[in-house]
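Number of protein chains: 2
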Amino acid sequence: LILNDTPFMRSLNQEFTVQFSYSVHFTNGLFKADNPLLTEVVGSDGSKGPRKILFVVDQIVLEKTPGLLEQITAYVEQNPAVFTLAAPPIVVPGGEACKNEMRLVDQLQESIHRYHIDRHSYVAAVGGGAVLDLVGFAAAIAHRGIRHIRIPTTVLAQNDSGVGVKNGVNNFNKKNFTGTFSPPFAVLNDFEFLRTLNDRDWRAGISEAIKVSLIKDAAFFRFIQDNAQKLRNREMAAMEELIYRCAEMHLQHIGGAGDPFEKGSSRPLDFGHWAAHTLEQLTDYSIRHGEAVAIGIALDSTYSYLAGMLTKAEWQEILELIRAVGFDLYVPELAQPGTEPDQPLAILKGLADFREHLGGELTIMLLERIGRGVEVHEMDVELITRAVRMLEAAQYTSAPQIRN
Amino acid sequence: LILNDTPFMRSLNQEFTVQFSYSVHFTNGLFKADNPLLTEVVGSDGSKGPRKILFVVDQIVLEKTPGLLEQITAYVEQNPAVFTLAAPPIVVPGGEACKNEMRLVDQLQESIHRYHIDRHSYVAAVGGGAVLDLVGFAAAIAHRGIRHIRIPTTVLAQNDSGVGVKNGVNNFNKKNFTGTFSPPFAVLNDFEFLRTLNDRDWRAGISEAIKVSLIKDAAFFRFIQDNAQKLRNREMAAMEELIYRCAEMHLQHIGGAGDPFEKGSSRPLDFGHWAAHTLEQLTDYSIRHGEAVAIGIALDSTYSYLAGMLTKAEWQEILELIRAVGFDLYVPELAQPGTEPDQPLAILKGLADFREHLGGELTIMLLERIGRGVEVHEMDVELITRAVRMLEAAQYTSAPQIRN
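Here the protein sequences line up with chains A and B, keeping their order. Its first residue numbered 6, the first sequence is counted upward by one per residue in this note's numbering. Its first residue numbered 6, the second sequence is counted upward by one per residue in this note's numbering.
The set of hints was computed from the structure by calculation and includes no laboratory data. Possibly wrong hints are sitting among the right ones.
Identical chains share a label here; the pair holds if one copy fits it or two copies do between them.
Calculated pairs, DSSO-like style, for lysine-lysine (alpha carbon to alpha carbon, straight line, at most 27 Å) [as the list claims (entries may be wrong)]: (1) Lys69 x Lys317; (2) Lys354 x Lys53; (3) Lys268 x Lys179; (4) Lys179 x Lys57; (5) Lys317 x Lys57; (6) Lys37 x Lys354; (7) Lys268 x Lys53; (8) Lys179 x Lys69.
The model shown is predicted, which means the values in this text are computed figures rather than measured ones.
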């Protein structure tokens, strides 16, 4: 063979697509002996079986569901041809604080190593969104990705975070700094777990449904309005419908908007979230993510109204619905002064963090009407400050005054 | 709205595809003032600029390339409209040992945090395959994926590991236990770096080219045979052609074989690697990855011959080429007794690790002729042991006896 003269530069282009698919199921009593769902989901993966499965359970869920570990163990053991427990279920602390513990990521990976979980085995997480994010991250980086089954136990995780493609933990005081985009193998929503929630957790997840209705679907907003009292009164049928429709819209957005791994700067599902993330930090996580999102939605809706984008009538409808479901519109940390010269309010750190996490141009979703979001690339600090003051007033005065 | 009765189960299916693309370039003198490549690659990302870029440099490369940090800095600073250094280049230890240090992952993430590197900024790694794997992993999990530019400096990284989609670090004494599939933004191969390699590192990367030729392309095998002396004599033109063709085949395999993220059990590019990974561990990384791969190829070729799959003539050609390029066929650790009852040889741990890392059914590539691999799902321990003994004999006897 004769070699050609090597030119100064040569280039190759690599292009390929990767197909992802997963199923999201809604059921009652997932681990009851006669519920075939989990067995069918795992059993249809095309391999011979039995597959190893490692369960990781949220301590908070376990405390409210005595016997859960035994129920999981019995369920798996009655289907020995389908799967086998790699080890007794592992219990991890629940709540957002667990995402601040990098050692938990190490410990979960150590378990995946010790119990010889391979890429055709399963790591199943039973818990709230924080535990799913934590376990999902550990599973995503072990062997470059173990099959991960999510079993969300809260409203928030069942209708929003648990059905998506993201995982992560907090690092350097930045929410979700460390994580990946890794679609789960399957999501199994068991409505029975919702009965064990206290009122705050029951309510908290509703804010994400309000959020998605506001930016995408006025009919869904009307549904939530019509069912606000039923939701507040913990009627299961209303909540099941809310979760199903919210999860469906969430999935449609991820799969249908052309950017499931968020390579661009647009993140419409983060409506209301720039302030919410910071409020969680400012309150030392004493308010729930969903409660913070409710305030964030109220803030950005008020801002939309003040900026002349949204009518007063629709703005008032939004605030009334948030209150009707039982959320606060304001906490004192919303008005906390900032420490940086360009941040008169502490929540403005959230805008800076957002710009950095997404990268590129700041892109924030606001509202032009109920059911229709619109993106902007800057926010006015004066208007934000006015919106904060209006929410403070609305929180501490009676409903008619919101109307004024 | 009237709610329907909630059925016992409802399901949603989520399906989407994600498109990935990146470019692989070959040049000389990447950081020379008049080389436009890096400026063009970053400048064509569609954003306004200047973009932040953080360089991470392999200590081993730096020692052999005095002035490299200054050259990088000058190059970036002469193009202020395109990019700006987020910080002075960071230097990390090189060589496989750096992948055993999880604290380096933490430190790199801390730098990404501290210098406010966002998802539209760049982390560029200059170094051997180990440093690229380490930095690539840190970049992949920060903000769920920072744009990563790989600048491989060794033959091995330029023709094989650096052009692929994998990153990772070692954990729990398992190679690449922790990592992700994350395509780079671009790969920039600068042949100038090859001049700084010692003979072992120059040679080591050739084994991956022999590997890919054996399983995919007899004509490429003939090219390597015809150029064996030139490669051994460090003639640049022969090496440049070898790297280009090997990288091209590697890319074609990843993009064209339908499984870029290795969801199945088939991994043809791991031909010869099950023994190689274990040999690296058994020798405490005193032999290079490429040297271990050369032995692994010799072992699996010999096994293929003993199993009746490969002709004696082709088997001999393979061993002769490996020797002609300058590789050993054997190190004493290849015959080291194992500690487990089912592992009479220590290298057999590599088969067990392989089975676990891939998951599912063990799938090993062997040869049916030069240029054509074939997959098997088990290997015979007796035949492996005989192959080891034959390599020992071949190593310590003259070439004609290999022929016998």
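Each hint, compared with the structure:
1. Lys69 x Lys317: Neither way: Lys69 and Lys317 sit 43 Å apart in one copy and 68 Å across, limit 27 Å.
2. Lys354 x Lys53: Result: close only across copies, 24 Å inter versus 52 Å intra.
3. Lys268 x Lys179: within (20 Å within a copy, 32 Å between copies)
4. Lys179 x Lys57: between (35 Å within a copy, 20 Å between copies)
5. Lys317 x Lys57: neither (56 Å within a copy, 42 Å between copies)
6. Lys37 x Lys354: Close neither inside one copy (46 Å) nor across copies (40 Å); limit 27 Å.
7. Lys268 x Lys53: For Lys268 and Lys53, only the inter-copy Cα distance (16 Å) is at most 27 Å; the intra-copy one is 37 Å.
8. Lys179 x Lys69: Classified as neither; 30 Å inside a copy, 38 Å across copies.
Checked against the numbered hints listed earlier, the structure breaks hints 1, 5, 6 and 8; every other hint is satisfied.
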